[in-house]
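Trainee: So you can see what is in the structure, the chains are spelled out below.
Number of protein chains: 2
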Amino acid sequence: MINTIRAEVITIGDEILFGQITDTNTAWIGTELTNIGIRVVRKSSVGDQVDAILQVLHEAHQRADVIIITGGLGPTKDDITKKTLCTYFGVGVVRNEEALALVTSFFEKRGREMTDLNRAQADLPANAIYMQNDWGTAPGMWFEYEGRVYVSLPGVPFEMKHLMMNRILPKLTGHFKTPIIKHKMIRTIGIGESFLAERIEAWEDALPDHIKLAYLPSFGGVKLRLTATGEDNTLLDHELAEQVEKVMPLITKNVYGFDDDEIETVVGQLLKEKNLTLGIAESCTGGYVSAQITKVPGSSAYFWGSIVSYSNTVKVRQLGVKPETLELFGAVSEETIQQMAEGVRKTLGTNIGIATSGIAGPDGGTPDKPVGTIWIACSTEQRTVTRLLKLGKYRDQNIQLTSNYLLNMLREEVLNQ
Amino acid sequence: MINTIRAEVITIGDEILFGQITDTNTAWIGTELTNIGIRVVRKSSVGDQVDAILQVLHEAHQRADVIIITGGLGPTKDDITKKTLCTYFGVGVVRNEEALALVTSFFEKRGREMTDLNRAQADLPANAIYMQNDWGTAPGMWFEYEGRVYVSLPGVPFEMKHLMMNRILPKLTGHFKTPIIKHKMIRTIGIGESFLAERIEAWEDALPDHIKLAYLPSFGGVKLRLTATGEDNTLLDHELAEQVEKVMPLITKNVYGFDDDEIETVVGQLLKEKNLTLGIAESCTGGYVSAQITKVPGSSAYFWGSIVSYSNTVKVRQLGVKPETLELFGAVSEETIQQMAEGVRKTLGTNIGIATSGIAGPDGGTPDKPVGTIWIACSTEQRTVTRLLKLGKYRDQNIQLTSNYLLNMLREEVLNQ
Numbered sequence: 001m002i003n004t005i006r007a008e009v010i011t012i013g014d015e016i017l018f019g020q021i022t023d024t025n026t027a028w029i030g031t032e033l034t035n036i037g038i039r040v041v042r043k044s045s046v047g048d049q050v051d052a053i054l055q056v057l058h059e060a061h062q063r064a065d066v067i068i069i070t071g072g073l074g075p076t077k078d079d080i081t082k083k084t085l086c087t088y089f090g091v092g093v094v095r096n097e098e099a100l101a102l103v104t105s106f107f108e109k110r111g112r113e114m115t116d117l118n119r120a121q122a123d124l125p126a127n128a129i130y131m132q133n134d135w136g137t138a139p140g141m142w143f144e145y146e147g148r149v150y151v152s153l154p155g156v157p158f159e160m161k162h163l164m165m166n167r168i169l170p171k172l173t174g175h176f177k178t179p180i181i182k183h184k185m186i187r188t189i190g191i192g193e194s195f196l197a198e199r200i201e202a203w204e205d206a207l208p209d210h211i212k213l214a215y216l217p218s219f220g221g222v223k224l225r226l227t228a229t230g231e232d233n234t235l236l237d238h239e240l241a242e243q244v245e246k247v248m249p250l251i252t253k254n255v256y257g258f259d260d261d262e263i264e265t266v267v268g269q270l271l272k273e274k275n276l277t278l279g280i281a282e283s284c285t286g287g288y289v290s291a292q293i294t295k296v297p298g299s300s301a302y303f304w305g306s307i308v309s310y311s312n313t314v315k316v317r318q319l320g321v322k323p324e325t326l327e328l329f330g331a332v333s334e335e336t337i338q339q340m341a342e343g344v345r346k347t348l349g350t351n352i353g354i355a356t357s358g359i360a361g362p363d364g365g366t367p368d369k370p371v372g373t374i375w376i377a378c379s380t381e382q383r384t385v386t387r388l389l390k391l392g393k394y395r396d397q398n399i400q401l402t403s404n405y406l407l408n409m410l411r412e413e414v415l416n417q
Numbered sequence: 001m002i003n004t005i006r007a008e009v010i011t012i013g014d015e016i017l018f019g020q021i022t023d024t025n026t027a028w029i030g031t032e033l034t035n036i037g038i039r040v041v042r043k044s045s046v047g048d049q050v051d052a053i054l055q056v057l058h059e060a061h062q063r064a065d066v067i068i069i070t071g072g073l074g075p076t077k078d079d080i081t082k083k084t085l086c087t088y089f090g091v092g093v094v095r096n097e098e099a100l101a102l103v104t105s106f107f108e109k110r111g112r113e114m115t116d117l118n119r120a121q122a123d124l125p126a127n128a129i130y131m132q133n134d135w136g137t138a139p140g141m142w143f144e145y146e147g148r149v150y151v152s153l154p155g156v157p158f159e160m161k162h163l164m165m166n167r168i169l170p171k172l173t174g175h176f177k178t179p180i181i182k183h184k185m186i187r188t189i190g191i192g193e194s195f196l197a198e199r200i201e202a203w204e205d206a207l208p209d210h211i212k213l214a215y216l217p218s219f220g221g222v223k224l225r226l227t228a229t230g231e232d233n234t235l236l237d238h239e240l241a242e243q244v245e246k247v248m249p250l251i252t253k254n255v256y257g258f259d260d261d262e263i264e265t266v267v268g269q270l271l272k273e274k275n276l277t278l279g280i281a282e283s284c285t286g287g288y289v290s291a292q293i294t295k296v297p298g299s300s301a302y303f304w305g306s307i308v309s310y311s312n313t314v315k316v317r318q319l320g321v322k323p324e325t326l327e328l329f330g331a332v333s334e335e336t337i338q339q340m341a342e343g344v345r346k347t348l349g350t351n352i353g354i355a356t357s358g359i360a361g362p363d364g365g366t367p368d369k370p371v372g373t374i375w376i377a378c379s380t381e382q383r384t385v386t387r388l389l390k391l392g393k394y395r396d397q398n399i400q401l402t403s404n405y406l407l408n409m410l411r412e413e414v415l416n417q
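Each protein sequence line maps, in turn, to chains A and B.
So in UniProt numbering, spot 351 of the first sequence is number 351, and the numbers just go up one at a time.
So in UniProt numbering, spot 297 of the second sequence is number 297, and the numbers just go up one at a time.
Among the hints, erroneous ones may be present.
Since the list gives no way to pick out one identical chain from another, each pair is judged satisfied if it fits inside one copy or across any two copies.
Said to hold, decoys possible - Derived DSS-like pairs: lysine-lysine, alpha-carbon spacing no greater than 30 Å straight-line: (1) K253 to K393; (2) K82 to K182; (3) K182 to K161; (4) K274 to K184; (5) K184 to K83; (6) K184 to K223; (7) K393 to K161; (8) K346 to K274; (9) K272 to K184; (10) K109 to K223; (11) K390 to K161; (12) K295 to K161; (13) K83 to K161; (14) K161 to K223; (15) K295 to K223.
In short, the hints are calculated from the structure, not lab data.
Please read these numbers as outputs of a predicted model, since none were measured by experiment.
Please take these sequences and the hints and turn them into a complete structure.
Mentor: Written as structure tokens, this is what we have:
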């Protein structure tokens, strides 16, 4: 039996205490540590004050084997984590040449002047093991002190996450004997959480004790996360594969991918394989669908372009929507969405055209077309399919949901090609 | 002089530690307490274990005058906050008739059977002052113990917020003589944190002790937060205004707004005021700029549409970029970006056209045009300005940064209109 490794997560920064930013880092860190079998026993946030930081470090030392600290590593006066760690460990700072080289190249690449404040970012506590931050100038640091591991990371989420994934988590699993924890994610779309739960209930109830299921709902989709805990790597992989095989027949139509697959990546892969090109006509989503498609590196292989037609003039001139259609049925109608999808396909000369038109909100709703009334369409050489979405009253959500539903519609149509 | 009232916020629940939910309560509570002049000195999260809760309560007692506790008040077995508070205060439970009446009516209204578990929700620690929760069955509680105030609230956000707004905050302002704390946020863009710091160093060093400065960096911008503490509302406002007036001349060109202003909202407001219409031509940003512009409700008043020209064919056909320009200088060139910005303005018939073209990465870089080489342009009836950005190697960041730089360029051009 392996004894539990206990972790404490500390965030540093007045802005967190004063509520000027919502801390999403510690939830993410909590998930990742849990995934490698480390138990988070406490989360603490303190301000940018030396004594407050020292106090929380001393407390954490009593409770935890691993202490993860984020924030307060910026180049400016209010960032005091580093010098406070020096006080805590009773060491001085040493300029780290590796870190300096990185900061220097970071500025050279951007053709920018480097200041002493920037150089000072390469000064690390003498007992620090340098953890390279590929995404910024604030270095990550690993300390071993009185049998505990201390990790100091920048508070900028994408820098912190990159450091955790690529440097810290692997080093932690190497440093501690933690149980093996394996995950398998099944990504579904177009089915609600409760319906999904009902459909797979029997399978879920039959899961062995060491395999747990979690429902992770996100915009337009629900991720099923299987977590298996044990000590035999290959056995766990085998057991997870077995469970996936069992559940798939129940949900095939709604599964668009596994693990890290994103809908836009899956669709892009399909388009590439089938050698098809895509054009997009966006009204209410205002460019969001295109941005999602082009998030994927190499999307230029299948994505030719989009026409965002916020004004009806653009719908008519650039997409060839008939003025009388707009007059008779309005911009938010099956007739219009059909012409938009077909229009963009013809204008841009692509194999496939997809389109959105609706009332994203918060205003612009009418009794017969309330906010959240949104049409989507996908036009191929064979046919044009349309669908009416009845979404909620929140603009951001309506835009993101519409985009995901449309990409899933595209996925289904491409599968038929 | 009023001595500062110090608060600690404690959240209880394993799901927070394991990252299954992101805690938004404490950020909200932090803002509200700050607004009534109570200084949050610590935030802590612990799991659903008696000893962990007792420990954090004892620690908080050392540090804070007010301890706000959320979570663990549900009817189920794993909700142990109430009985742990009894242990902590050394009291027993007493059934509160007011609370019982509320729970009862809550169930009657819904025509649901009431269980002993539900009735037990009306059992409060003997020293509790009952704080009615109008939105649920878990009561709020106020305790005074050894000169501290303890508040226990349900973790459900809307129940917690309702209790805070209507019961707790008013009682706190009555109970304590609190100082007034005022914030002023200055939002800058297009200048790095360290450069900003150097430029305003003299001003920063000259700030009076009761006015603190914080740097809050985000994509392409840095927010400067001034926090003033005192006793005279109007005096503080005046002092903050004074400091803003002093620092502005040093950074005017980089300031796009204050407090909650977002760059896309500020630009939109300017376009509306000046009665100007906008068209966008996007290559490497793939629709992101348009999506950012249309995030703003009512953006249809000034935004007509975009052409996302990922393929050169679209650049030529829809934007009127000369084929020979693409051949001679390539898609990522000053010549092309100029024609894209002018092209979209003419094609869509808008007053202003903005454009992006570059190598977002991760691939597609060349020795003379490495990943991160991105051109942006803004074309008005008077002129077309262009700018070359040299960004990093990460696609998402390049796209977001480009969008923010372009919107700032647009802002500057609109100001000249």
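Trainee: Let me make sure I understand: some of the numbered hints might not hold for this structure. Which ones are they, in numerical order?
Mentor: none
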